[in-house]
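**Student:** Sequence:
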Amino acid sequence: MSPVVAMAGVQHLRGSPMRTEGLRFAVVVAKFNEVVTKLLLEGALETFRRYLIKDEDVVVVEVPGSFEIPVVATLLAKSGKYHAVLCIGAVVRGDTTHYDAVANSAASGVLSAGLNSGVPCIFGVLTCDDMDQALNRAGGKSGNKGAEAALSAIEMASLLEHHLKK
Numbered sequence: 001m002s003p004v005v006a007m008a009g010v011q012h013l014r015g016s017p018m019r020t021e022g023l024r025f026a027v028v029v030a031k032f033n034e035v036v037t038k039l040l041l042e043g044a045l046e047t048f049r050r051y052l053i054k055d056e057d058v059v060v061v062e063v064p065g066s067f068e069i070p071v072v073a074t075l076l077a078k079s080g081k082y083h084a085v086l087c088i089g090a091v092v093r094g095d096t097t098h099y100d101a102v103a104n105s106a107a108s109g110v111l112s113a114g115l116n117s118g119v120p121c122i123f124g125v126l127t128c129d130d131m132d133q134a135l136n137r138a139g140g141k142s143g144n145k146g147a148e149a150a151l152s153a154i155e156m157a158s159l160l161e162h163h164l165k166k
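Everything in the sequence shown is counted per our numbering, starting at 1 for the first residue and increasing by one.
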């Protein structure tokens, strides 16, 4: 933390990827653009394992496309079974405005799922101009955004469970 930000007596809370025992996660993954979403999911699952999340503490739910993610994320978040819901999809721009509708609906829907449930719903949906860009973000030269989103899910679940839980 920057010395400018540090102040005596100020409590600083953050989720720790090292405090994962007992945390449960749901992953909602879109099948559309599966060549990309499969890689994102692999990155996410590898990250959960790296941070000692047990396989039995992760549930993966497949949906047809990114547009369908929010309704399932909402149900999972409200179920009381999960500390965070990770949402994975890939929306690739085409020749029509369909891209904008799907990308915006997925983003606002995932946000609403988290706000309405009080459970972190992490937006791991790629919104890319072309398939090369998507593949680069699914394990290519730009890293794996599924892995990054899983780490966000772990940190948020830890933050709420260990610091903000009522």
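Just so you know, these hints were derived from the structure itself, not from any lab.
Treat the numbers as computed from the prediction; the structure is a model and nothing was measured.
Careful: at least some of the hints might be erroneous.
Just the calculated beta-carbon pair ranges, DEER-fashion [unchecked claim]: (1) A8 to S108: 15 to 23 Å; (2) G65 to H163: 16 to 24 Å; (3) D95 to G22: 25 to 33 Å; (4) S108 to E62: 33 to 41 Å; (5) L111 to R24: 18 to 26 Å; (6) S105 to D132: 33 to 41 Å; (7) A8 to T96: 54 to 62 Å; (8) T96 to V10: 31 to 39 Å; (9) G80 to E34: 38 to 46 Å; (10) E42 to S105: 33 to 41 Å.
The beta-carbon is built from N, C-alpha and C at its ideal position, and this holds for glycine as well.
**Student:** Please name the hints from earlier in the document that this structure breaks, with their numbers sorted from lowest to highest.
**Tutor:** 1, 2, 3, 4, 6, 8, 9 and 10
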